[in-house]
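Following the hints, put chain B in place on chain A, whose structure we already have.
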Amino acid sequence: MKKAIGAIIWVAALCVCLALADGFFRRDDGERKYGSFFKEEQPLDVMFLGSSRVLDGISPMELWRDYGVTSYNMGNSSECIDASEWVLRIASEQNKPKIAVLDVYYIDRSIEDRWHISYRHLFLDEIPLSRIKFEAVRSTIPQDRWIEFLMPFSLYHGRWEEMLAGNVERMIDCEPFMMGSELRIGRRNGMPYERTTEMNTQEQPGTQALYRIVSFCREQGIEPVFMAIPAPVSQKEQMNMNGVQLVADELGVPFVNMYDDNPVNFDTDCYDELGHLNPDGATKVTAYMGEWLTEHYELEDKRSNAAYAHWNDNLELYEEFRLASWGHMTMLE
Amino acid sequence: MLFNSFEFLIFFPVVTLLYFVLPHRVRWIWLLVTSYFFYMNWHAGYALLMLACTVVTFVCSRVISNTQDPRRRKGVLIAGLVANLGMLAYFKYTGMLLDIINRVCDFVGLNYQTPKVSILLPVGISFYIFQALSYMIDVYKGKVKPERNFFKYALFVSFFPQLVAGPIERSGRLLKQIAVPHDFDAKRVRDGLLIMMLGFFEKVVIADRACMYVDVIFRDWAYASGAQIALATLVFMVQDLCDFAGYSYIAIGSAKVLGIDLMTNFRQPYFAHSVQNFWARWHISLSTWFRDYIYFPMGAGRGSKLRRSFNIMTVYTISGLWHGAALKYVAWGMINGALQVVEMLLPVYKPKHPKLHHVLSVLWTNVLIGVTMLVFRAGSLYTAIQMLVKIPMEWGAEWMNSGFSPMQGLCLGVCTVILFAIEYIHEKRKSLTEMTDRLPGVIRMALYLAAVMAIVIFGVWGPGYSAQAFIYFQF
Chain A
1 MKKAIGAIIW VAALCVCLAL ADGFFRRDDG ERKYGSFFKE EQPLDVMFLG
51 SSRVLDGISP MELWRDYGVT SYNMGNSSEC IDASEWVLRI ASEQNKPKIA
101 VLDVYYIDRS IEDRWHISYR HLFLDEIPLS RIKFEAVRST IPQDRWIEFL
151 MPFSLYHGRW EEMLAGNVER MIDCEPFMMG SELRIGRRNG MPYERTTEMN
201 TQEQPGTQAL YRIVSFCREQ GIEPVFMAIP APVSQKEQMN MNGVQLVADE
251 LGVPFVNMYD DNPVNFDTDC YDELGHLNPD GATKVTAYMG EWLTEHYELE
301 DKRSNAAYAH WNDNLELYEE FRLASWGHMT MLE
Chain B
1 MLFNSFEFLI FFPVVTLLYF VLPHRVRWIW LLVTSYFFYM NWHAGYALLM
51 LACTVVTFVC SRVISNTQDP RRRKGVLIAG LVANLGMLAY FKYTGMLLDI
101 INRVCDFVGL NYQTPKVSIL LPVGISFYIF QALSYMIDVY KGKVKPERNF
151 FKYALFVSFF PQLVAGPIER SGRLLKQIAV PHDFDAKRVR DGLLIMMLGF
201 FEKVVIADRA CMYVDVIFRD WAYASGAQIA LATLVFMVQD LCDFAGYSYI
251 AIGSAKVLGI DLMTNFRQPY FAHSVQNFWA RWHISLSTWF RDYIYFPMGA
301 GRGSKLRRSF NIMTVYTISG LWHGAALKYV AWGMINGALQ VVEMLLPVYK
351 PKHPKLHHVL SVLWTNVLIG VTMLVFRAGS LYTAIQMLVK IPMEWGAEWM
401 NSGFSPMQGL CLGVCTVILF AIEYIHEKRK SLTEMTDRLP GVIRMALYLA
451 AVMAIVIFGV WGPGYSAQAF IYFQF
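Read top to bottom, the protein sequences are chains A and B. Under the working numbering, the residue at position 289 of the first sequence is numbered 289, and the numbers go up by one with no gaps. Under the working numbering, the residue at position 227 of the second sequence is numbered 227, and the numbers go up by one with no gaps.
Only chain A is shown next, with the shape it has when bound in the complex:
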């Protein structure tokens, strides 16, 4: 009996040690990117979903500063629409937004395309092991890599080397007070760009995910919105995004195609030649979306609501951070 109790205590101690090690070896990128979302106790007005276009293009703090709208930027690099669907499904269990704005940049990419799988860890590592996480992993991750998502310690225990050597590099430039967005510091001319309003009327690899997302939103009482953030992309890519209008019309979903009324200057507002937006570009796109959202939906201005005082605290931190990291670029001008 004594031996049995000793064995049970030992196994329990092992489980505790493994749990501690799991926490110790995790990367903190996911926490910085999504931690504030999971800690937020107040309901969100808007959830932005999609690719790096959203990640760099929408600043929830500026939306709060200018319109008093609460939002979270769930955008993530190389995130196709099928993956965004699962982000929305899982995130809605935690904090169901009034409006879900979905970036359609990757309408022409399927989940089977080669993605930088490390970015999938950002979100999924933050989700505790659950039925919905397992479904998300099963739907969006190749089977040979399920283990590292269901049991992230199997991957991260190998970080001892970089941790001991002290050369841990960040994967994403998010801070908790930025509510999921990041600031890309830099200015480069975008690639040559020519606008087209033509549409690709064929079904795209991401089209079915759009249908599923809209259906899910309507089941949950969430207002779906499609969005395209301008970037100096090829006419073919533009045509693919323009084609989303057909789905939007069919489903009766608004589509904010900012290519039609481009607020971005590709010569000054891009961080890289691919057209990822720098803070100036993000400010313009955020202002555009803020204007559009407040015009089309009844969104209460909560800036003076005491329950949202922490949003004002975060705004202060954000303003300081933006000035410190981007102010010198503005002053140079």
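Hints listed in this document are in silico derivations from the structure and should not be mistaken for laboratory results. Here a beta-carbon is modelled for each residue, glycine too, at the ideal position from N, C-alpha and C. Errors might be hidden in some of the hints.
For the chain A half of the interface with chain B, some residues (derived, Cβ under 10 Å), not all of them [said to hold, decoys possible]: (1) 9; (2) 23; (3) 129; (4) 158; (5) 159; (6) 160.
Positioned in the frame of chain A, the structure of chain B alone reads:
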């Protein structure tokens, strides 16, 4: 299913738990079912080969034991040997044979190429066939009584802990243990788990990390310096030991948990004072198999020195072939044989300083074993010769970037020191378990916990973390 896989992490506790929950009379059936499951998890179809080997050796052994006619007994034995070795030869050596035919045709200018064949080598085939053959030969020699229950015999051939990489057990030991009921014994289970832990330490922490360095240097040896090749050979010596001995420890430990004692397979081989002594310590279950079933029947050490040399060379040439289907393995086996022949022919020398002589002998033996290990690991025999020449000729050349970080090197170095400390304790005939048993319970438990955590953290397992995959891709 590999021991260092997630599947085994689930498989083994489930098998063990149910094994001790089930009534005694069905436990061996449970082990048989799970052993076949273990094997079929890799390739279901190839379980039929194991079954065929089991049926043939079982039937032959029964016929041999029921027959008094020596000629008929011998005939059945030979038929059993041919069937099993034929199966082994087909799966393991067809490719090598065709390659030799093609080379010979090329050499003599014959415009002929054999058809290309691609045969998947069944995992563990060399092990379970040798184990089954040992039973059949032992029955023929009257050393063991034939097993009457086919399914118990099938468990002897397929017992999962030692199925894939040995130890190659003898029927005299294993079959007896299968027949006996085993009660749950907490101390034995703990001892088994500790042996498994040592195995995982050697396999996952040392061998799998060492191979990261060894693979690069042996692949790009042309760019490596002589010193680097020598270091890689040393690291390979450690890797090879830990890879094989580690796997054996896991097998022995997991069998012990189930109440079955398997034979010791490695006994501090790098403390050997001669090549012959090395082979008495390395892969003991195979060495003794060759000794009992080839060397002894050939006359062993009897007869003239020439005869004894021939016997040794034959055994080690076959041993080389057993290790791999390529000429370099044959050469490796022959070198090992030749070194032992030289040792046998050298006059016996009585040293003035026995301790110093012993230390020097151990060092010299390791140099010789290192050379054979280089031949074993190199891409081909020709490559091995080039690498050996390069060691002294380009000793001081610039070191190539192996991609092996200093931190990994430090980890490997520290773990190797720990390994040799453990080996030294074992060499001094001391038991690590008994030593830790003298510690207070809490400290002992904390020590076990720390060891498991160290294996989990520093071990090479899982999908493999690459910091490069987590840098800012910037899109």
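Holds or violated: is there a CB of chain B closer than 10 Å to the CB of residue 158 (chain A)? Given a least distance of 3 Å, the restraint on residue 158 (chain A) holds.
Quick one, is the residue 159 (chain A) hint okay against chain B at 10 Å, beta carbons? Hint on residue 159 (chain A): holds, closest Cβ of chain B at ~6 Å, below 10 Å.
Does residue 9 (chain A) pass the interface hint, meaning its C-beta sits closer than 10 Å to a C-beta of chain B? holds, 8 Å
Hey, does the residue 129 (chain A) contact hint survive, CB to chain B under 10 Å? violated, 15 Å
Would you settle whether the hint for residue 23 (chain A) is holds or violated, based on the nearest Cβ-Cβ distance to chain B being less than 10 Å? Violated - the Cβ of residue 23 (chain A) stays beyond 10 Å from chain B, reaching only about 13 Å at its closest.
Satisfaction of the residue 160 (chain A) interface hint, Cβ to chain B closer than 10 Å: Where the cut-off is 10 Å and the nearest Cβ of chain B is about 6 Å from residue 160 (chain A), the hint holds.
When each numbered hint is compared with the structure, violations occur for hints 2 and 3.
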